[in-house]
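So the sequences go chain by chain: L and W. The numbering used here runs 6 ahead of the 1-based position in the first sequence. The numbering used here runs 230 ahead of the 1-based position in the second sequence.
Don't read these hints as lab results, they were simulated from the structure. Some hints here could point you the wrong way.
[Unchecked claim] With a Cα cut of at most 27 Å, we get these calculated BS3-like pairs of lysine-lysine:
(1) L/Lys133 with L/Lys86
(2) W/Lys338 with L/Lys69
(3) L/Lys133 with W/Lys336
(4) W/Lys270 with L/Lys69
(5) W/Lys270 with L/Lys162
(6) W/Lys324 with W/Lys270
(7) W/Lys324 with W/Lys338
Computed from a predicted model, the values in this text were never measured in an experiment.
Take a look at the letters that make up each chain.
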Amino acid sequence: MATFSTSADRSWKDPAHEPKTVDYTSNVLQIFMEGLDRQPPGQVLDLGPVCQENIRFFARRVKRLYVCDMFIRLERCLSKGNPVSQILQELDCPPESFDGILLWELADRLENTEVRRLAKLCHTILKPGGMAVVLVLGEQTARFGVNSFVVGQDFKVSLRPQSHLNLPMRGRQHRDILAIMSPLKLAKTFICRLGFMEFLFKRE
Amino acid sequence: MLKKNKKGNTDTASSHVLAPVDGKTIVGEQIIIDGTIRGKEDLLIEGSVKGRIEIETHHLTVGPRGQVEAEIQAANVTISGRLVGNVNTTGTVKITKEADFNGEIKAKSISVEDGAYLKAVIEMEREPEKKTVTVVKPEEKSASEPAKEPFAMTGKSSKRN
């Protein structure tokens, strides 16, 4: 099971305080990278939020890293009152383009209809055997707002608040994610305390 | 067309941009260039440039008001404005939170501020191959994938539109 350290325990008890550090060790990211390392250098798509540490981390490990920050696009789309489906048009990629897609917690920020479209799109643009990483923060963690997931050494992940992003959180359960992401096959899932969940999906 | 700064002498066309720095050429806000810029000094763009920029050993800055659609070759690049195109550097690419970038980056290192509006393909020097412990069942993979370009780098997704 993934470990979830509580260096922000004080913050959990007092919602008025933002977490200073919330760290966990990601098993899913480790499996994701190990899967990529076994193949010839491939292409990975990161859907944001933009984070320079992750750009460096992944760009040095894959052939080409594609970054399309869907969180900031969603924020702008919602603030303008535009249909959310617009942002999916940004992922105008040919089928079977990627060996991996990092969705982070995007699925928990979209309505069911859009997540289903996103899942279908991921299935299309992933190569056979390609992997997708999905996270769900859980209400305890998500109340602090949108975070980027800063990947560090040994797959230790720190959550960094993104104050410029104000997005709704759907608070999906484990079974909801499995149902919504059904075009892809679940490869691994880890449930941590505080409602935090990690999923690794694969295209068969 | 290009405004060259001299110490203590800020010309009127470029006085509305950043503070003058020695040895830096400024393309002012009201300037539009369509073509190729080649040079051997640092360049700050606050106007509009379309074409190619070749300053292989120097620093290119696209300022907050800059609008650039170009193929870029520079030692280092800082992006704070809108840039559509491919950036090829031997050094660092810095993208600030005001930036709107759509294109490809080849660089030795990269720094990106949270909040930057990015749609990018990034190629950096890869780490040496690591041997890893197998966790998931191995799969057969073709060693030679056909070259594809997943993103259409058209610049149509600008936040300023």
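Consistency of the hints with the structure:
1. Between the alpha carbons of L/Lys133 and L/Lys86 the distance comes to roughly 34 Å, so the proposed pair goes past 27 Å and is violated.
2. Restraint check for W/Lys338 and L/Lys69: the C-alpha separation of about 14 Å stays at or below 27 Å, so the hint holds.
3. Our distance criterion of 27 Å between C-alpha atoms is met by L/Lys133 and W/Lys336, whose separation comes to about 24 Å.
4. With a C-alpha separation of about 32 Å, the suggested pair W/Lys270 and L/Lys69 falls outside the 27 Å cut-off, and the hint is violated.
5. In summary, the hint linking W/Lys270 to L/Lys162 is not supported, as the alpha carbons are separated by about 43 Å, beyond the 27 Å threshold.
6. Between W/Lys324 and W/Lys270 the alpha-carbon distance is near 20 Å, which keeps this suggested pair within the 27 Å criterion.
7. Note on W/Lys324 and W/Lys338: the hinted pairing holds, with a Cα-Cα distance of about 11 Å set against a maximum of 27 Å.
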